[in-house]
Amino acid sequence: MEIFELLINGFVIAFEPLNLALIILGCAVGLFIGAMPGLGSVNGVAILLPMTFLVPPTSAIIFLGAIYYGAMYGGAISSIMLGIPGASTAVATTFDGRPMALQGHADKALVAAATASFVGGSVGVILFTLFAPPLAEVALTFGSPEIFSLMLMAFATFVGLGGDDIPKTLFSICIGLVLGAVGLDIISGEPRLIFGGITGFFHGINFLVLAIGIYGIAEMLWTIEVSQGKVMISQATVTYKRTMNALRELMGTWKTMLMGSFLGYFVGILPAAGATPGALMAYGVAKTTAKDPETYGKGNINGIVAPESANNAASTGAMLPMLTLGIPGSPTTAILLGGMVIWGLEPGPLVFTNHPDFVWGFIASLYAANLFALLINIAFIPAFIWVLRLPFTILAPIIFILCIVGGFVPTMDMHDVWLMLIFGVVGYLMRKLDYPMAPAVLAIVLGPLAEPALRQSLLISGGSFSIFFTRPFASVFMAIAFVLLALPLLKKLLDRKPAAEKAE
Amino acid sequence: MRMAEIVMGIAMGVFSLYLMWKSAELPIGWIAGEGPGGGSWPFWLSAIMLLCCFAIVYRGVKRLTPESRSEEPFMTDQTIKLFALNAGSLAVMIGLFHIVGAYGAIPAFLIFYLRFMGGHSWRLTGIFAFFTPIATFLFFEIALQKTLPKGYTDPWFEPIFAFFY
Numbered sequence: 000m001e002i003f004e005l006l007i008n009g010f011v012i013a014f015e016p017l018n019l020a021l022i023i024l025g026c027a028v029g030l031f032i033g034a035m036p037g038l039g040s041v042n043g044v045a046i047l048l049p050m051t052f053l054v055p056p057t058s059a060i061i062f063l064g065a066i067y068y069g070a071m072y073g074g075a076i077s078s079i080m081l082g083i084p085g086a087s088t089a090v091a092t093t094f095d096g097r098p099m100a101l102q103g104h105a106d107k108a109l110v111a112a113a114t115a116s117f118v119g120g121s122v123g124v125i126l127f128t129l130f131a132p133p134l135a136e137v138a139l140t141f142g143s144p145e146i147f148s149l150m151l152m153a154f155a156t157f158v159g160l161g162g163d164d165i166p167k168t169l170f171s172i173c174i175g176l177v178l179g180a181v182g183l184d185i186i187s188g189e190p191r192l193i194f195g196g197i198t199g200f201f202h203g204i205n206f207l208v209l210a211i212g213i214y215g216i217a218e219m220l221w222t223i224e225v226s227q228g229k230v231m232i233s234q235a236t237v238t239y240k241r242t243m244n245a246l247r248e249l250m251g252t253w254k255t256m257l258m259g260s261f262l263g264y265f266v267g268i269l270p271a272a273g274a275t276p277g278a279l280m281a282y283g284v285a286k287t288t289a290k291d292p293e294t295y296g297k298g299n300i301n302g303i304v305a306p307e308s309a310n311n312a313a314s315t316g317a318m319l320p321m322l323t324l325g326i327p328g329s330p331t332t333a334i335l336l337g338g339m340v341i342w343g344l345e346p347g348p349l350v351f352t353n354h355p356d357f358v359w360g361f362i363a364s365l366y367a368a369n370l371f372a373l374l375i376n377i378a379f380i381p382a383f384i385w386v387l388r389l390p391f392t393i394l395a396p397i398i399f400i401l402c403i404v405g406g407f408v409p410t411m412d413m414h415d416v417w418l419m420l421i422f423g424v425v426g427y428l429m430r431k432l433d434y435p436m437a438p439a440v441l442a443i444v445l446g447p448l449a450e451p452a453l454r455q456s457l458l459i460s461g462g463s464f465s466i467f468f469t470r471p472f473a474s475v476f477m478a479i480a481f482v483l484l485a486l487p488l489l490k491k492l493l494d495r496k497p498a499a500e501k502a503e
Numbered sequence: 000m001r002m003a004e005i006v007m008g009i010a011m012g013v014f015s016l017y018l019m020w021k022s023a024e025l026p027i028g029w030i031a032g033e034g035p036g037g038g039s040w041p042f043w044l045s046a047i048m049l050l051c052c053f054a055i056v057y058r059g060v061k062r063l064t065p066e067s068r069s070e071e072p073f074m075t076d077q078t079i080k081l082f083a084l085n086a087g088s089l090a091v092m093i094g095l096f097h098i099v100g101a102y103g104a105i106p107a108f109l110i111f112y113l114r115f116m117g118g119h120s121w122r123l124t125g126i127f128a129f130f131t132p133i134a135t136f137l138f139f140e141i142a143l144q145k146t147l148p149k150g151y152t153d154p155w156f157e158p159i160f161a162f163f164y
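Heads up: the sequence lines are chains A and B, in that order.
Each residue of the first sequence is one higher than the one before, starting from 0 at the first, in numbering that gives the first Met the number 0.
Each residue of the second sequence is one higher than the one before, starting from 0 at the first, in numbering that gives the first Met the number 0.
Bear in mind the hints are in silico, worked out from the structure with no lab data behind them.
Remember, predicted model here, so these are calculated numbers, not experimental data.
Check each hint, because a few of them may be wrong.
One side of the interface only, derived from the structure: several residues of chain A facing chain B at Cβ under 8 Å [claimed, not checked]: (1) L389; (2) T392; (3) L394; (4) V408.
We treat Cβ as the ideally placed atom computed from N, Cα and C, and that holds for glycine.
Based on the provided sequences and hints, a complete structural model is requested.
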């Protein structure tokens, strides 16, 4: 009952004229960003975060939340129309979305993606409302050892479940943590890693510099290389009658939608997982359990519904650990978390008690953003198609300028802009060699929280690491972290066994 | 691709060593009453990075990763050209921020990118080069009150600010 009252209060905040306008604007902007090839929610949120300094924190997170939702919807548009996923979260949508578009059913595919995204988002936000307060209450009992072990678990998830090269993943995590340590030592106050006394390093490296470098500049360089600036767009006819027919056909896919929504939500909660594996898993489950698996990949509408419902539910799921524990569930939520720090809010369970207006206004805005993203998506499909026809040589310089100006604004220091370019170029080269970049961004956000937690814990225990294994919650998190770290090794051993048996 | 993987591993290994050396400028051990020294956190993380680099180089040499087995070049001539043009023009734009400021650098970048890289008409290039700095100025300087660098053009903006305030 208390949750219901808080949610009603949240709706009052979310429907204030400024916030409502930001929800609508955020959804529209997010949809366009998500629809651009190679750009997704993380790029949109990273590039536009510096623009939120004008409004209060609640309005700022509402705006970014709406961009996040809009971009999750928009990712499907370029997957279907261009055959290029708007973001990695929409990769699975390409499998059946592109064949449908080529068969002349682009409108049906777009409506299916939008509706499934709405169902996924709705299920996700309802589960979020129910789970967030109890989880925050448990998290209130956490001290430094629990916080550090929880963060270690988050990093271990990247190693265990990330699916990337393990030494490269570990390297990415560590370099993010080291970059987060640049500046003044929090305890002694002495300068640390300032590279020959360069004054720009004294204020540390703002996480946005790394985030925009990687998700703005590096991503654009990557997209320019992959697409070579040339993309082929499918033709689409959108009429009221065809849209209604598509909606009627979608009624038969409700089971797939619900499966995708629940699966996506719970995968999204896991720190390293996020929406991409959620969507791919939902596609896999839908295909495996289907009566006609051979039609998947050839234009089966369930092949769009499953990943789209899953990626939207996962994007909401990823916000649960961010708000309740202060541990982001995805790169986008890592940037939202960094935003909370910039706005002067302490991420974690205390936000629920200290800033209820912020939290519940944000949660309520997700319901509204979900609805507006659906409406704007369906209404503006022709406009998105027009924008996608714009040559990449017009979109690219605009995005580059936004990156540069956005990188300057948080600290008003040109040193950060140069640093951002270096991160962008090095990030692009490393990405070409399959170094995962998301762990580095997560690490630079969590680093300044993890280091004091570790040092305080060790100070309490007199230097003994046993403190992480004698407290109930901390020991559970550490055990999970070690299992996750050992998981790739176990997988290798299990894979070797059948191979050896075969050889016999 | 294999050579690039090994070179990147070695470069990052050297960078890790440099970070370890710089971190060790602060105490990296236990300080009585204070706990771990200020350099311990980045030092030990850099040490892990160095170990990872050894593993990356080893796996590259032994062809244990998809990249090291790939026969494709790390960058084709066309990719190098695109990369150099994009990253280079960005570097020049940022450099120009110091001299002619944001409102000189942005139009110059747009003219180069749209006209010479994109092959768009002078009319379209002109529209973007003219209106983008105005939109940037109104949004950042007037709405957000965030001052962008102006270099030697700073005095030119005094009458404009006098008009708004």
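Here's how the hints hold up against the structure:
no., hint, verdict
1, L389, "11 Å, violated"
2, T392, "3 Å, holds"
3, L394, "10 Å, violated"
4, V408, "5 Å, holds"
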